[in-house]
Amino acid sequence: MNSTLLLSIWLLPLLLATLARLRHAHWLLPLATLPALLAVAILPVGTTVSLPWLLLGSELGLDETGRTFLGFSSLLWLIAAVYIAGSQHAITESGRFRVFFLLAMAGNLGLIVAQDMVSFYFGFTLMGLSAYGLIAPASSRRARRAARTYLAWTIAGELLLFTAIIFLAAISGGALTFDALQSIPRSPFTVLLLIAGFGIKLALPLLHWWLPPTYAVTPVAAVAVFSGVMIKAGLLGLLRFLPPGDATPPDWGLLLVLIGTATIFFGVVAGLLQKRPRLLLGYSSISKMGVLTSGFGAALAFPSAAPGIVAALLVYASHHALAKTALFLGLGLIECSGRRISLLIGLGFLAFVLAGAPLTSGALAKAALSDSLSQPAPVLVTLLTVSTLATMLLMVRFMFLLWTRRQRRILPLPGVPLLAWLYLVTLILVLPFLVSGIDRLMINVVPVSLGLLLGLGGMLVGSRRSRANVPSGHFDL
Amino acid sequence: MLTAHWLYGISGCLLLALGLRTALLHDMLLQRLIGINVMGAGVFLVLITVAYRGPGIAPDPVLHALVLTGIVVAVSATALALALARRLTAEQDDG
Amino acid sequence: MAETLIWLIAMPMAGAVATLLLPRQSTPIACVTAVAASLVAGTLLYAVSEQGSLSYEIGGWSAGLGIALRADGLSALLLMMTALVMLASSVYAGTYFTKAAARARFWPLWLLLWTSLNALLLSGDLFNLYVTLELLGLSAVALASFGGKFAAVQAALRYLLLGLLGSMMFLAGVSLIYAGYGTLDLATLTLAVEPEPVAWTALALMSAGLLLKTALFPLHFWLPPAHASASAPVSAVLSALVVKVAFYLLVRLWMDVFADLVTPAAAGLLGVMGAAAILWGSWQALRTERLKLLAAWSTVAQLGYLFLFFPVLLALPPGPARDTAFGGLVILALTHGLAKAGLFLAIGIIQQRSGHDRINELNGTAQRLPATTFAIALAGVALIGLPPSGAFLGKWQLLAGSFASGQWLWILVTIAGSLLAAAYIFRVLGHAFGNQSYPRHSVTIAREEWPALILTTLAVAGLGLAGAPVWNLLESGA
Amino acid sequence: MNFDATLPLLVLASSLLPGLVIFFLREESHRLRTLLNLAGAGAKVILVGIMIWGVFHQHTYLTRWTLAPGLELVLHADTLSVLFVSLSTVLWLVTTVYAIGYLEKSPHRSRFFGFFSLCVSATIGLALAGNLFTFVIFYELLTLATYPLIAHRGTPEALRSARIYLRYTLGGGAVLLTGAVWLHVIAGPNAFIEGGVLSQLPDEYHGQLKAIFLLLMIGLGVKAALVPLHGWLPEAMVAPAPVSALLHAVAVVKAGAFGIVRVVYDVYGVQFTSELGLLAMLGVAAAITIVYGSFKALSQDNLKKRLAYSTVSQVSYIALGTAILGPIGTIGGIVHLVHQGIMKITLFFAAGNYAETLGIHNVSEMNGVGQRMPATTLAFSIAALGMIGIPPIAGFISKWYLGLGAVEAGMAGWVLPVLIISSVLNAAYFLPVLYRAWFCRPAPAWPAEHIPAARYETAGALLWPPVITAGLALAAGLFAAAPYSPLEWADLIAQREYQL
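Protein chains in written order, with numbering that gives the first Met the number 0: chain Y, 0 to 476; chain L, 0 to 94; chain B, 0 to 477; chain A, 0 to 499.
To be clear, the hints were calculated from the coordinates, so they are not data collected in a lab. Remember, predicted model here, so these are calculated numbers, not experimental data. Where a beta carbon is used, it is the ideal one built from N, C-alpha and C, also for glycine. Heads up, some of the hints might be wrong.
[To be verified] Among chain B residues calculated to face chain A with C-beta under 7 Å, some are: (1) Pro27; (2) Leu385; (3) Leu392; (4) Leu398; (5) Ile414; (6) Phe432; (7) Ala467; (8) Trp470.
[To be verified] Derived CB-CB ranges, DEER-like: (9) A:Leu16 x B:Gly405: 41 to 47 Å; (10) A:Ile450 x B:Ala460: 41 to 47 Å; (11) Y:Leu37 x A:Gln494: 41 to 47 Å; (12) L:Gln30 x B:Phe149: 18 to 24 Å; (13) B:Gly405 x A:Ser298: 47 to 53 Å; (14) A:Leu297 x B:Gly405: 27 to 33 Å.
The shape of chain Y in the complex, shown without the other chains:
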């Protein structure tokens, strides 16, 4: 029973993908997430299933980390699927898009329940390559170029990962499960390969070149899963392959903290210079991945505090996933039917959530992370606070871009996508109060306000003068 359920997390999307080219297959997309959702709901944590005949001997399972990831991922794939099923976008209507959507979903959900390296790698590759189809390379020459860039980087990442896995398997004497690899020390070369491999997925600076062009051309619902869900596979990979403790020397943690810090500010600065809201959101994701990387680095550097930090990272990742997906889907509604005040209010709220304003999931995530870091690395708490301020600044800029966006014809809002979006926004609104007390949500007042003020001030100044004109899609340092 458990094994059937775990397997069907992979299998159902794959099977449905074979049918997805049929004429009225829209509603297969949401259906494909059902096993994953069901698994989150009913499977006890710690379930593992051995499938010795699959690949090189597979193990599937649901641990705490996996459950969290599977929870937000399946939910967001569901919402994105409903959004796509109900929208009438020329590209997302096509059978081909649906096939790749389902394949990417299968890969993403599959890698989360994979408990051995090869299955993980399979899911990771399936997701990475299928996402190529989501960029819809045939729609324009720009899209084609973007898709090619994406593919090149993805394959590079996969090959780095493949090499690393080979080395790991050689060290472990053939054992492939993450359990068996838990305490085997990684060689520096392997760690480097893994960081680089997952760094491409996380779009760390210098490994991020694929992200802006991709986000610029991809249908927005796909960008939502790119930025909300799939990017998180990088974090999961780091957690799986470089477990804090004996396996990874703590020095690497320090390096990751530094990289993460750089990423935070790189994302913000680059984001502020963008003219297109999509790209701004994309760079914001990079910045947030910096936060996650720093946190992960701290966990490596302080193995004793690692369990707490990892738990906090999970909360942070979930928060970012929900908020970022919602932001993109909202942006999508504006893109397809024009700017409306109601949508702007919703997006404004989401902007506050992402920045970590009090009483939002952002505050909850920040609080969790600060709490876990305050003991081992107080300096990182300060960093987080600065990051909050910076994000707020970025969000003000985002709202400004939306506000000043050239208005085109107002079209009727598509019903189903709107409902999906509203459902997600409501969820984000309510969720923090379900899991936490109000007092814990009352943080970040100062940095958020400061950021808001600074942002508004900057806006006033900036609107007088012509703004720095960075061509969209590319950020040149």
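Model the placement of chains L, B and A on the given structure of chain Y, informed by the hints.
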């Protein structure tokens, strides 16, 4: 001491060499044919000399048989060669 | 069982006489004779494999004045090959010569040739060998010129003169032997011969005569025109059998009778000439423009391989190693005999059908005459020495012997020769595969196409896959 | 003669006899020919099934036939031969079906199918060969049986390619023969024995053994298309598609690769080869070939030519695996023997379908072909992705074991870069094809549409073979660890080779 025995033998060898030379070096068919016949005569002469076992003793019958056979062969071969040669000239004339 | 020996000679001879006397029924008579003689050859082969070598004295006269016939493993094998080639060619000739009159003149000569071949292979003394050699030469020349054009007659004439020359030299050698040792019986001679000038000179004379008849390079010049201009069944027999029996005689002399006289240098000389024959013959075959000439030049080259065995055999210690290598020589000779005969028969069909045998104009032969093309391909396999032909086993032994005795040159020559052979064979096949219309049936005229196909199949599959008895026979019939 | 001694012969005969009979069939007896072909192929599947079971349970299947003193034709089923035999048998069945569909109504079918069966028989004989002598025999027979298939169309181009093919393979065959005879003289009849036997020879022979190894590798390298002996392979692609499929996947190149595996493991012994310093040489040759082949494939517009260069590259993975000392590398090389076969045959089937259905021969004509022929293109895509090494397709498993074996043997420094470069290049020449097929808009008309778009994309006999082999490629990777998978069988071979 040059006995008749040796004389026959040596002249046989000479004939053989002479015939061989003619057969190999001349182009004309008839000359070559004659050369080969001369050569045959040389060989036969040598054979007869070898067959000689002294006065009063019958010569070796095996060798005589050999010589007789050789002569028959030489004659028929010459006949065949001449027949072929005639056909050749006939065809040449036709052509 | 020893009576089979005399039957082998008497039967074709009787056939020859009968066809001469009854020209109208000559074709059926010839065919019946061919079948019967082949059956006798088969019986002899079986007898030798069971009882070892056989001998028979005609009329009870002992050797010396009487005629003694002898058959050991080697001669039994060659007799069998002769029978197979003659039988197949006889069937073929029955349809090849379309005019009854031509057939009636053909059969007596043909059966006479067979008689002399068998007699030569069975003779046990130099006298009879000389006689049969002459008989063979005359009947071969007559056949070579048979029904031929100007070129054929001209080539036959040259063939005759050179054959005669060879015979004379052989006869001179024989006379020396008799002068020296007082006997012509091979078995007696084997025991008597000493390494001394008489024996050397005699061997040199006889060998020179025989080399001329086997057409070893550089004495090969008469062969290509003679073999290429004769009619197809005759070419087949000339190339497959007539040169082969002269070679057989050389082997007998060098390996058996005069074995003590043979020095490495002499064997090496034969080897070098053989090597030159391989390279030159193959090269000429590659360059020639006519299919029959190609086959004839290929015979020159293939005979070269047989001579390569001399230095190799001599370098191997007597005993199993040498016997195994000798088996290689025999199987190579047998394979070449069958394959070359088949090749000439197949070429004959192509020549009759298309009116020419120019290689560059053979396009589409594979489509029009698939069975014949297949026969050519099989013959090619045997000539190149590819498995599973008997030649492959033979060349393997040749190479193995060369390696074992460290004679690298022969290895290079063998390989180079095989590659050249591949080049000239596939030059033909390549053209044959060219595009053209296609036939309804695979075998068009069974009686014409089957003989070639069967001979080449025997050379390839028969000797290649079931060749082990050759070695057993050579051993039991030694 | 009991059954165990006859089985190898029966396996051989199940294709040889139908082949010989087919030669004599009339051109128009289409039904009988098909029946004979399929009956032979079916019988072979059953016989090989028995053989697999038996070899797994340590049965000895051995046929001996003396050809000459000291020269025996030995057919012997061991684990390695069974692997190759099974591959050939299954792919022959599929290819026969495909060829029947492909050659429908074309001339000279009797000749074609006759040689086709001979070609497979030679491959089976090669696989079952129990000593080097037998191997050489079937190696040459394979050359002979393939020549008419390449020349089949009879066009000047086909004849030229066939001539080039012959030039290479006969040359290689001669070199192989020389090496084999030499070895035979030194070491007697070289029976293939797991672990090899030559290490027992005294030291003074080592120099000769090295020279012989070189000769054997050159001889085998021609068919295995090791650079610089690969020149014939891209030329041979003028042959009809089923022939190319067979040539690239089962028969010729595989014969070379299989021979390399045989010589290294079962004649010299891998340990001894390594001690002689020959393994590294083989590895370097393989590495150069892998990279070179991929580079050349990049610039080919002709689809079959691109696939041919891809074969040059991919087949050398087998040699590479052989050059990696240790059981894991061995597994990688041997399992690729099967994996490359099923993937490459799929690619050629698909290429044949494009040509036969739409007249597409070049990559540049493939725009949008995925919409017109989805099943074929899907099969093509699976095989192409497998070639790149994308999990869970078979090629991934091969690369995994090669990589892992290299790390364990301490050869990661150069093997892994080779694998990675090759994967990148594979991606670079396969992905653009897939892009065109799936994402580009089709041109207004296909170059030559032979079969109008009706209910099916092409004839059934053409469609099913690639679909089935693509399924096999997927299954071989996805269920790699399942019992009786190619991987498990390769594992068994490695265990017996290394006496684990």
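Each hint, compared with the structure:
Annotation: interface hint on B:Pro27 violated; nearest CB of chain A at approximately 29 Å, more than 7 Å. Restraint check, B:Leu385 versus chain A: the minimum CB separation of about 5 Å is within 7 Å; hint holds. Hint status for B:Leu392 relative to chain A: holds, with the closest Cβ pair at about 5 Å, below 7 Å. Annotation: interface hint on B:Leu398 holds; nearest CB of chain A at approximately 4 Å, less than 7 Å.
Evaluation of the B:Ile414 hint against chain A yields a held restraint, the C-beta minimum of about 5 Å falling below 7 Å. Using the Cβ-Cβ criterion of 7 Å, the hint placing B:Phe432 at the interface with chain A is satisfied: the shortest such distance is roughly 4 Å. Interface restraint check for B:Ala467: the shortest CB-CB distance to chain A comes to about 5 Å, inside 7 Å, so the restraint holds. Because the closest C-beta pair between B:Trp470 and chain A is about 5 Å apart, less than 7 Å, the hint holds.
A:Leu16 and B:Gly405 have their C-beta atoms about 44 Å apart, which keeps the hinted 41 to 47 Å range intact. The beta-carbon spacing between A:Ile450 and B:Ala460, approximately 42 Å, falls within the hinted interval of 41 to 47 Å. Range check, Y:Leu37 to A:Gln494: about 42 Å between beta-carbon atoms, so the 41 to 47 Å window is met. At roughly 21 Å, the beta carbons of L:Gln30 and B:Phe149 sit within the given window of 18 to 24 Å.
Against the hinted window of 47 to 53 Å, the Cβ-Cβ separation of B:Gly405 and A:Ser298 comes to about 48 Å, which satisfies the hint. Range check, A:Leu297 to B:Gly405: about 49 Å between beta-carbon atoms, so the 27 to 33 Å window is missed.
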